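Terminal number for the sequence shown in our numbering: 239, no gaps in between.
No wet-lab data here; the hints were simulated from the structure. The reader is advised that the hints may include incorrect statements.
[What the hints assert, rightly or not] Derived pair list, reagent style DSS-like, types lysine-lysine, alpha-carbon separation capped at 30 Å:
#	residue 1	residue 2
1	K152	K192
2	K14	K75
3	K166	K122
4	K122	K75
5	K227	K192
6	K152	K8
7	K166	K8
8	K95	K152
9	K189	K227
Nothing here was measured: the structure is a model prediction, and the numbers come from that model.
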Amino acid sequence: MAVKEFTEIKEKLARATRIMVNEGLIELSGHPSTRVPGTDHLCVLGHLHEEGRTLRATSTEDIITVDMDGKLVEGNHEPPGEIYLHTEIYKARSDVSSVLHTHPPVTIALGIAGIPVKAVWLAGAAFGQGVPIFESACQIDTPEIGQKLAQVLGNQMAVMLKGHGAVTVGVSIEQACSISLNLEKTAKLMLMAGQFGQVPPMSAEDLARYSNRGRTDSEESRKGFWAYYGERLPQ
5 MAVKEFTEIK EKLARATRIM VNEGLIELSG HPSTRVPGTD HLCVLGHLHE EGRTLRATST
65 EDIITVDMDG KLVEGNHEPP GEIYLHTEIY KARSDVSSVL HTHPPVTIAL GIAGIPVKAV
125 WLAGAAFGQG VPIFESACQI DTPEIGQKLA QVLGNQMAVM LKGHGAVTVG VSIEQACSIS
185 LNLEKTAKLM LMAGQFGQVP PMSAEDLARY SNRGRTDSEE SRKGFWAYYG ERLPQ
């Protein structure tokens, strides 16, 4: 891969991290990753906890390259402690090009209560089958736990980690981020609507019509993501 393309991948991951921090889905921890085309490697945010700094200033220098066993190939940091969250999903899902691990507070709250996020509004139609819940708050720090997580995710685009966080996937880092933001917004709407009674899902007719909403990825949607959320970043 050309140096320019490799640098662009790192720039996208660094910017995606800053956006997730700004939107409140990543605080002191959390990490995006993406496959490196034409290789068995992936780029991921390195382990930065011991440096005592926030992720608001994440740069390309913080992005590392690892192989599919989670071993460091290139970079200035060690792999994140939950690297197997990424590698095992990639091994199980050839259709996935990017993985994002976040800690969205309302999604976590619903998971603790055992309530899966579901499609309750148009933009949340991608969650029509309900978002599966991984029934453990443990760190995904072994291949075995990563495999179990990948099994719970199945062919879905998101999985809730009970008492821990969430994982979203996509064919691009932009899509994985968009799904994550949509997951938390849907969780917030469920929480708000629940103050008034039961929260009904979208009708079967609407789900059939809009089930691909949020599941599609295009150059236009990618540009829209960077334009909107990039503008919200502190200058």
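Status of the hints after comparison with the structure:
1. K152 - K192: 27 Å, holds
2. K14 - K75: The given pair, whose Cα atoms are some 18 Å apart, holds under the 30 Å limit.
3. K166 - K122: 15 Å, holds
4. K122 - K75: 36 Å, violated
5. K227 - K192: Within the cut-off at roughly 26 Å; holds.
6. K152 - K8: 36 Å, violated
7. K166 - K8: Cα-Cα ~39 Å, so violated.
8. K95 - K152: The hint holds at about 12 Å.
9. K189 - K227: Within the cut-off at roughly 21 Å; holds.
Violated hints, in rising order: 4, 6, 7; the structure is consistent with all others.
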